[in-house]
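Undergrad: One letter stands for each residue in the lines below.
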Amino acid sequence: MAELNDYPEPLREIMGIFAEVPESERLEMLVDYSSRFREVPNHIATRPFPEEQRVQRCESEAYVFVEPTTEGQMNFYFAVENPQGVSARALGAILQESLSGADVDTIEAIPTDIVTRLFGPRISMGKGEGLLGMVALLKYFARQHKNKQA
Amino acid sequence: MTTQSYAHPEVLVSTDWVAEHLEDPQVRIVESNEDPLLYSTGHIPGAVHIDWVTDLNDQVRRDYLDRENFEKLMARHGISNETLVVFYGDKNNWWACYALWVFQLFGHEKAAIMNGGRKKWEAENRPLTRDVPKYPPATYKAPQRADYKVRAFRDQVLEHVNINGPLIDVRSPGEYRGELLHMPDYPQEGTLRGGHIPGAKSIPWSQAANEDGTFKSVEGLKELYEAQNGFNPDQSIITYCRIGERSAHTWFVLRYLLGYENVRNYDGSWTEWGNLVRVPIEK
Numbered sequence: 001m002a003e004l005n006d007y008p009e010p011l012r013e014i015m016g017i018f019a020e021v022p023e024s025e026r027l028e029m030l031v032d033y034s035s036r037f038r039e040v041p042n043h044i045a046t047r048p049f050p051e052e053q054r055v056q057r058c059e060s061e062a063y064v065f066v067e068p069t070t071e072g073q074m075n076f077y078f079a080v081e082n083p084q085g086v087s088a089r090a091l092g093a094i095l096q097e098s099l100s101g102a103d104v105d106t107i108e109a110i111p112t113d114i115v116t117r118l119f120g121p122r123i124s125m126g127k128g129e130g131l132l133g134m135v136a137l138l139k140y141f142a143r144q145h146k147n148k149q150a
Numbered sequence: 001m002t003t004q005s006y007a008h009p010e011v012l013v014s015t016d017w018v019a020e021h022l023e024d025p026q027v028r029i030v031e032s033n034e035d036p037l038l039y040s041t042g043h044i045p046g047a048v049h050i051d052w053v054t055d056l057n058d059q060v061r062r063d064y065l066d067r068e069n070f071e072k073l074m075a076r077h078g079i080s081n082e083t084l085v086v087f088y089g090d091k092n093n094w095w096a097c098y099a100l101w102v103f104q105l106f107g108h109e110k111a112a113i114m115n116g117g118r119k120k121w122e123a124e125n126r127p128l129t130r131d132v133p134k135y136p137p138a139t140y141k142a143p144q145r146a147d148y149k150v151r152a153f154r155d156q157v158l159e160h161v162n163i164n165g166p167l168i169d170v171r172s173p174g175e176y177r178g179e180l181l182h183m184p185d186y187p188q189e190g191t192l193r194g195g196h197i198p199g200a201k202s203i204p205w206s207q208a209a210n211e212d213g214t215f216k217s218v219e220g221l222k223e224l225y226e227a228q229n230g231f232n233p234d235q236s237i238i239t240y241c242r243i244g245e246r247s248a249h250t251w252f253v254l255r256y257l258l259g260y261e262n263v264r265n266y267d268g269s270w271t272e273w274g275n276l277v278r279v280p281i282e283k
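Chains as they are written, first to last, in the numbering used here: chain A, 1 to 150; chain L, 1 to 283.
Mixed in with the good hints there might be a few duds.
Said to hold, decoys possible - For lysine to any residue, the following SDA-like pairs were computed, each having C-alpha atoms within a straight-line distance of at most 25 Å: (1) L:Lys149 with L:Pro45; (2) L:Lys120 with A:Asn82; (3) L:Lys216 with A:Pro83; (4) L:Lys134 with A:Pro22.
As the list claims (entries may be wrong) - For each label pair, taking beta carbons as the anchor points, the in silico distance ranges come out as: (5) A:Glu81 with L:Gly42: 15 to 21 Å; (6) L:Leu276 with A:Glu28: 25 to 31 Å; (7) A:His43 with L:Leu22: 41 to 47 Å; (8) A:Pro41 with L:Glu261: 51 to 57 Å; (9) L:Thr54 with A:Glu39: 26 to 32 Å; (10) L:Gly190 with A:Ser24: 27 to 33 Å; (11) L:Arg278 with A:Ile44: 48 to 54 Å; (12) A:Glu13 with L:His8: 52 to 58 Å.
Said to hold, decoys possible - Sample of chain L residues facing chain A (criterion: CB under 10 Å; computed from the structure): (13) Glu34; (14) Trp52; (15) Thr54; (16) Lys91; (17) Trp94; (18) Ser172.
Because the hints were derived from the structure by calculation, they are not lab data.
It should be emphasised that the depicted structure is a prediction, and the values quoted were computed from it without experimental measurement.
Note that CB positions come from ideal geometry on N, CA and C, so glycine has one too.
Just need the whole structure built from these sequences, with the hints factored in.
TA: Right, here's the structure in full:
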């Protein structure tokens, strides 16, 4: 398991809050984040979204979009097609609010225990894999971009 | 146009029916979802939440809760042996059917599904609330679990394969074909091998549902399972997916809507079969 210090700011601060709140409050916080989710803007992508942007095995039909900058940073966005995909929206909002526009190295290094830290260790395997798939695809795009620049 | 009725029409209730029974003390509405946060965003007034991970699973070994814990769960939600439990949820009632299936391990026959699930309730602009109801504790006496009626275990599945017994794989076509995702750090589906159980036919679970989340008509279901795939009510059929939740939806369809008497759900499913040593696999 990654240490809290392995998380980049300001994501680290969010993770620290989640680590300290009781279960009921954690759920409320996630629901609150989900309500702040902002879908990918039209100038980045429009429907039908390309299959290569789709998160495999995510039951909420999530998509990941990236917009690298010339300075080695990367903006990113999500779409969640299932209107009942609350967890995917919450994770998307947390990542986007905290790390969109960060260096690609930072995005590539997001610890993979982020899902259990946010959603709790008792999240089901299928749900956990779907959410982790969002992180994994984002990291994959960051790595791809870095390799292109190398 | 539907001209035939389901084999057991009493296992489905409409959104209208639920709206008329929100305060019926003989009825308990239960929400069960794929997304564990969904209930917290709002639910049918008076509905309680049953989560398959925290409520229905044994918390140590891979199994379902035992009789004592089922009785406690029922008591906590004010459900007695006489209460009609109406399940609903997201994803075309996928997890609602799964919860109903687990209830059948304890023989709770007073159980139904709200046809169309959350999707239909929301589409009809019916009320949702974030208030979590509290009910007086009920007394519930559960029998010992009788898994054999509705549940198949790996050795039984292997025997079933050896006699060319009919199986339905309800996962996606990609999972059925055993396609792996070749992406570093990408979570695979928790198995060492991909593919399907030999002889299984691929009928993704969601094909049993309409666009609005309701179940297809009897004619539509017969067309899918019987005309297109050759199954019939006299067979002993085993359904499976990855952990047995999607296949509980197909189990429900075959058992109650089409009236197949001998259908069992293999909840070990691919996460067990795909990790077993030397069992046969097709790709």
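Undergrad: Tell me, which hint numbers fail for this structure?
TA: 1, 6
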